[in-house]
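Starting from the given sequences, assemble the full structure and let the hints guide the process.
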Amino acid sequence: MISKGRVAMLWALALGGCTALDAHSFDHAAGWRAAQVVSVGQAGDLAGTADRDCGADGGATARYAVVRYRNGGVHTRSLGTGRWPAGSEPKVGDAVHVNILDCTAPLALR
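According to this note's numbering, the sequence shown is numbered sequentially starting from 1.
Estimated spans, in silico, between C-beta atoms of each pair:
no.	residue 1	residue 2	range
1	THR104	ASP51	17 to 25 Å
2	CYS103	SER3	53 to 61 Å
3	GLU89	ALA29	24 to 32 Å
4	LEU109	ALA30	15 to 23 Å
5	ASP45	ARG110	24 to 32 Å
6	ALA29	ALA60	32 to 40 Å
7	SER3	LEU101	44 to 52 Å
Hints are computed from structural coordinates only; laboratory data are not their basis.
Just so we're clear, the structure is a prediction, and the values are computed from it rather than from any experiment.
Cβ atoms here follow ideal geometry from the backbone N, Cα and C, with glycine treated the same way.
Shown next as structure tokens:
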């Protein structure tokens, strides 16, 4: 038979684990989608290839990435952006999170 203390400890660990998992998730209702980087280059070359262009600071020669994501259907959509965390640059094939409702939000590398 399992003691009450052991059961309480198991519940605390289980609930704490769920809380930690939820703290790192991206809110779908707020526009976050799982995506994959499909191309990286200059904004002037790639902006026209995306379904939605979120722009890049620095004009046509700025670094730019196009990502593909699903938005609830079988077809994928693409979004282009020049915004990602400082000190990192996405590479083709990288898994990222993208906010499709807020163009000012940088890509979040997964």
